[in-house]
Amino acid sequence: MFVFLLLAARTALSIEIHGHRGSRGTHPENTRPAFEEAVASGAYSLELDLQLTGDAVPVLSHDPVVGPKRCLPKDGGPTFEPIPLLMLRAADLSRFDCGVVRAAGFESQQLVPGTPLLTLEAFLKWVRQNHVRQKLVVEIKTDSSPPPDVAYFVRTVFGLFSQFDLKGQLWIQSFSKEALRAAERADASVPRALLTEGAGDFCLQAQRGNFSLAFPDVQAVNEASLRVCEKLGISVVPYTANEPLEWRRLIGLGVRGIITDYPRALRQFLAAMAQ
Numbered sequence: 001m002f003v004f005l006l007l008a009a010r011t012a013l014s015i016e017i018h019g020h021r022g023s024r025g026t027h028p029e030n031t032r033p034a035f036e037e038a039v040a041s042g043a044y045s046l047e048l049d050l051q052l053t054g055d056a057v058p059v060l061s062h063d064p065v066v067g068p069k070r071c072l073p074k075d076g077g078p079t080f081e082p083i084p085l086l087m088l089r090a091a092d093l094s095r096f097d098c099g100v101v102r103a104a105g106f107e108s109q110q111l112v113p114g115t116p117l118l119t120l121e122a123f124l125k126w127v128r129q130n131h132v133r134q135k136l137v138v139e140i141k142t143d144s145s146p147p148p149d150v151a152y153f154v155r156t157v158f159g160l161f162s163q164f165d166l167k168g169q170l171w172i173q174s175f176s177k178e179a180l181r182a183a184e185r186a187d188a189s190v191p192r193a194l195l196t197e198g199a200g201d202f203c204l205q206a207q208r209g210n211f212s213l214a215f216p217d218v219q220a221v222n223e224a225s226l227r228v229c230e231k232l233g234i235s236v237v238p239y240t241a242n243e244p245l246e247w248r249r250l251i252g253l254g255v256r257g258i259i260t261d262y263p264r265a266l267r268q269f270l271a272a273m274a275q
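Residues 1 to 275 (the working numbering) make up the sequence shown, in order.
It is worth saying that the hints were derived from the structure and are not from the lab. What you are looking at is a predicted structure, and each value in this text was computed from that prediction instead of being measured. Incorrect hints may have been included.
No farther apart than 27 Å at their CA atoms in a straight line, the calculated lysine-lysine pairs in the DSS-like style are these [stated by the list, open to error]: (1) Lys177 x Lys231; (2) Lys125 x Lys167; (3) Lys167 x Lys135.
Label pairs and their in silico Cβ distance ranges [unchecked claim]: (4) Leu166 x Thr79: 35 to 43 Å; (5) Lys74 x Lys125: 15 to 23 Å; (6) Pro78 x Glu197: 29 to 37 Å; (7) Pro191 x Asn130: 18 to 26 Å.
Don't be surprised by glycine CBs; every beta carbon is placed ideally from N, CA and C.
I would like the entire structure built from these sequences, with the hints used as guidance.
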């Protein structure tokens, strides 16, 4: 019994905490306050999403649009129909305040008025100036209409990370195998993670693409799928797990890390397990 508890404690201490969109459960997603909370909580990584503006500037946004579900006009104007980011220039982003709307399902989010949409350049400048050491797990989004030039998108991202001398902290994740192949061409030393939805052979897909990491939907992760991953040498980091029962289940299965909207709560849970 003592040996089992000791192993459980060691396992808990080794789990990587990936702050989903920073700390979406506590602060507006993909904003500096959310990332500040993830850093303060001791997260292993800051997970973020990238889309392109109409003038091809990478911006931190999960959706390909700016809309009232996330942002409001800074001048206090009326709510508006969602605007595709491809119809905006980077300079237009200053018109929006993305710290005044609580996301559906996250009623305890702490609002931070005056929070802008971040460009990747502004985010990396903040990382550099504040000596943030966390891994930066960047999702290349390809769901805009029309879809982006993936090769250009990836080159732009890598160029900015090189400009700020932060490529050593970069991981690339995507549902798009094309984006991950472009990342491999840009720099094969940067870890690449295949995102997958629903049930399926996510580790076989990762192996076939020469990706060392699989980021599956948490519902797809079970003992059988993890056995396959172990045989293939693929590390598994599921998304998005927010409940203690789910955390305990995933830890017991032997995942490498957990993507969560509540990095501080997961940190506290792991600390309690390790005692």
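Hints and how they fare:
1. Lys177 x Lys231: holds, 22 Å
2. Lys125 x Lys167: holds, 13 Å
3. Lys167 x Lys135: holds, 10 Å
4. Leu166 x Thr79: 35 to 43 Å: holds, 36 Å
5. Lys74 x Lys125: 15 to 23 Å: The hint (15 to 23 Å, Cβ to Cβ) holds, given that Lys74 and Lys125 are roughly 21 Å apart.
6. Pro78 x Glu197: 29 to 37 Å: holds, 35 Å
7. Pro191 x Asn130: 18 to 26 Å: Taking Cβ atoms as reference, Pro191 and Asn130 lie about 23 Å apart, which means the hint holds.
In summary, this structure violates none of the numbered hints.
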